[in-house]
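Participant: Protein chains in written order, with the working numbering: chain R, 1 to 291; chain S, 1 to 291.
No wet-lab data here; the hints were simulated from the structure.
Heads up, some of the hints might be wrong.
Listed next, the in silico BS3-like pairs over lysine-lysine satisfying Cα-Cα at most 27 Å (straight line) [to be verified]: (1) Lys215/R to Lys168/R; (2) Lys118/R to Lys76/R; (3) Lys160/R to Lys160/S; (4) Lys118/S to Lys13/R; (5) Lys112/R to Lys287/S.
Reference excerpt, derived from the structure (chain S facing chain R, CB under 7 Å, subset only) [what the hints assert, rightly or not]: (6) Ser124; (7) Leu167; (8) Leu169.
Negatives, chain R to chain S, calculated, CB over 10 Å [stated by the list, open to error]: (9) Arg42; (10) Lys76; (11) Pro154; (12) Glu211; (13) Val249; (14) Phe256; (15) Met277.
Please read all numbers here as calculations on a predicted model, not as lab measurements.
Built from N, CA and C at the ideal position, the CB exists for glycine as well.
Number of protein chains: 2
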Amino acid sequence: MLFLVGLGLGDEKDITVKGLEAVQSCKRVYLDAYTSIVIGCRNEATGAPETAPLESFYGIAPGTIVLADRELVEQKADQILAGATEANIAFLVVGDPFGATTHTDLFLRAIKQNIPVKVIHNTSIVNGVGACGLQLYSFGAIVTIPFFTDRWRPDSFYAKIESNQTLKLHTLCLLDIRVKEQSEQDLLAGRRVYEQPRFMTVRQAAAQLLEVEAKLKRNVCGPDSPAVAIARLGADSQRIVFGTLGEFVDAYDELFGAPLHSLVLPGPEIHELEMEMLQLNILPGSKLSKN
Amino acid sequence: MLFLVGLGLGDEKDITVKGLEAVQSCKRVYLDAYTSIVIGCRNEATGAPETAPLESFYGIAPGTIVLADRELVEQKADQILAGATEANIAFLVVGDPFGATTHTDLFLRAIKQNIPVKVIHNTSIVNGVGACGLQLYSFGAIVTIPFFTDRWRPDSFYAKIESNQTLKLHTLCLLDIRVKEQSEQDLLAGRRVYEQPRFMTVRQAAAQLLEVEAKLKRNVCGPDSPAVAIARLGADSQRIVFGTLGEFVDAYDELFGAPLHSLVLPGPEIHELEMEMLQLNILPGSKLSKN
Numbered sequence: 001m002l003f004l005v006g007l008g009l010g011d012e013k014d015i016t017v018k019g020l021e022a023v024q025s026c027k028r029v030y031l032d033a034y035t036s037i038v039i040g041c042r043n044e045a046t047g048a049p050e051t052a053p054l055e056s057f058y059g060i061a062p063g064t065i066v067l068a069d070r071e072l073v074e075q076k077a078d079q080i081l082a083g084a085t086e087a088n089i090a091f092l093v094v095g096d097p098f099g100a101t102t103h104t105d106l107f108l109r110a111i112k113q114n115i116p117v118k119v120i121h122n123t124s125i126v127n128g129v130g131a132c133g134l135q136l137y138s139f140g141a142i143v144t145i146p147f148f149t150d151r152w153r154p155d156s157f158y159a160k161i162e163s164n165q166t167l168k169l170h171t172l173c174l175l176d177i178r179v180k181e182q183s184e185q186d187l188l189a190g191r192r193v194y195e196q197p198r199f200m201t202v203r204q205a206a207a208q209l210l211e212v213e214a215k216l217k218r219n220v221c222g223p224d225s226p227a228v229a230i231a232r233l234g235a236d237s238q239r240i241v242f243g244t245l246g247e248f249v250d251a252y253d254e255l256f257g258a259p260l261h262s263l264v265l266p267g268p269e270i271h272e273l274e275m276e277m278l279q280l281n282i283l284p285g286s287k288l289s290k291n
Numbered sequence: 001m002l003f004l005v006g007l008g009l010g011d012e013k014d015i016t017v018k019g020l021e022a023v024q025s026c027k028r029v030y031l032d033a034y035t036s037i038v039i040g041c042r043n044e045a046t047g048a049p050e051t052a053p054l055e056s057f058y059g060i061a062p063g064t065i066v067l068a069d070r071e072l073v074e075q076k077a078d079q080i081l082a083g084a085t086e087a088n089i090a091f092l093v094v095g096d097p098f099g100a101t102t103h104t105d106l107f108l109r110a111i112k113q114n115i116p117v118k119v120i121h122n123t124s125i126v127n128g129v130g131a132c133g134l135q136l137y138s139f140g141a142i143v144t145i146p147f148f149t150d151r152w153r154p155d156s157f158y159a160k161i162e163s164n165q166t167l168k169l170h171t172l173c174l175l176d177i178r179v180k181e182q183s184e185q186d187l188l189a190g191r192r193v194y195e196q197p198r199f200m201t202v203r204q205a206a207a208q209l210l211e212v213e214a215k216l217k218r219n220v221c222g223p224d225s226p227a228v229a230i231a232r233l234g235a236d237s238q239r240i241v242f243g244t245l246g247e248f249v250d251a252y253d254e255l256f257g258a259p260l261h262s263l264v265l266p267g268p269e270i271h272e273l274e275m276e277m278l279q280l281n282i283l284p285g286s287k288l289s290k291n
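When you get a sec, could you build the whole thing from the sequences and use the hints?
Facilitator: What follows is the structure, given as structure tokens:
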């Protein structure tokens, strides 16, 4: 059996009891190490994921958990699935197992090999975002904001945010994560040298949104646009901040702290109860303060 | 401290380890019994929630869990919060704590009384819906389909589904739940007599969608529209069925089984990987079958 186990957000204790029992029954355990990270199970210096705290909490032997990078999951999936008709194999995913296309692909591969698959759901940013106080039924499509490079500065997220706003809906912006990426030069030269993991911050995202607004000028995400920064959702160090995009760009990095960050752009109509929740986390001195 | 603990979907084992530890530390435990139900912890005959399986699994004394109905949460919230500055109180919510406005209200009341609040997230239908194979980032706003009555047959969900389709987005339809409701006559007469719990089925929802389509005729949700039925997501008895709305109306009730049901209307463009997932659960004989 293949178990696809969501780890939720936050720390090792956010696994469900069902998920924990599944992991403990498994011969091999993999951890998705490229679409997200377990907050608090990350090497402070390198940013790379660490498996020891998870193994210790699950009560499984040190070294059991194999970090699965993109190459392993997308090109060597059969290694992961090998023997899964006889023994239990777990694939752990931060958030919910169906949060990324690549896990759906693994699910389908297993089904085609007649391997029974059991999915154990958990929270992800898609529903956890409700913690900021904006109601889930008032969110439109999710957008992703990728790291801009010198030559690649896409703006397709802008039109999606605009569509959501037209429908009076909020937008959850997922911020780019680059784990075990190769530079263009190393990739072309075939060198297996990897860059340090990078996690987009709220400040970087806000700056990119302002850049696109300055270019397209349709009044979607300017310096005065309200926004909600969400850092480390579900962890003890969780921080939610309500302010404007301009204020976020001007803020100091320590305000938001370590990864992971997400950003929410509220729609044009914020319900009274929603605003009351947002004001609990107002950036001190923000022009959006109601006090 | 007030703990708002998400129970996830499925059964009692879908609580997180963090949530379980919180519940076990509490002096009083309430269970939201009117916005959703724990599948498998429901009286077969009456449909009402049962707390014994939860108490047994959590290892807390029988009778500890108090069923919280709408009246208690909305009118007597102070009863729930009483003493929470000295002792731990848990409020359990099926899915995620921020799935319904009423829990946000409880959160705010606690904050105003200087009661520390800790939210323990869990999966809800909002992200668990990815299990059907449609990608979460291709969903638009969520709609709710309420039970039609003789005189009240609202159709506001129709325009929302239409907007999502225009943006090539899928729509998650949440189906109405009526737990401990009073009839109009009993309400007017002030009689505390409650109706049997009712949970809208996929067949009922499909029939209502077809009725609104027949009235508004904008080709949003007709008999040939593809749809995904999701029953008891996360439970062992989970069933996902892909077919058309017309086929669902004509299906027999046992095909979908017991509550809770949800319905997804895919957008006009279904990605290849999504279609491969949907075909795994095709209704036998459906006109959408690719085989």
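Participant: Now look at each hint and say whether the structure bears it out.
Facilitator: The hints, checked one at a time:
no.: 1; hint: Lys215/R to Lys168/R; result: 23 Å, holds
no.: 2; hint: Lys118/R to Lys76/R; result: 21 Å, holds
no.: 3; hint: Lys160/R to Lys160/S; result: 16 Å, holds
no.: 4; hint: Lys118/S to Lys13/R; result: 14 Å, holds
no.: 5; hint: Lys112/R to Lys287/S; result: 23 Å, holds
no.: 6; hint: Ser124; result: 5 Å, holds
no.: 7; hint: Leu167; result: 6 Å, holds
no.: 8; hint: Leu169; result: 6 Å, holds
no.: 9; hint: Arg42; result: 18 Å, holds
no.: 10; hint: Lys76; result: 19 Å, holds
no.: 11; hint: Pro154; result: 15 Å, holds
no.: 12; hint: Glu211; result: 23 Å, holds
no.: 13; hint: Val249; result: 25 Å, holds
no.: 14; hint: Phe256; result: 19 Å, holds
no.: 15; hint: Met277; result: 6 Å, violated
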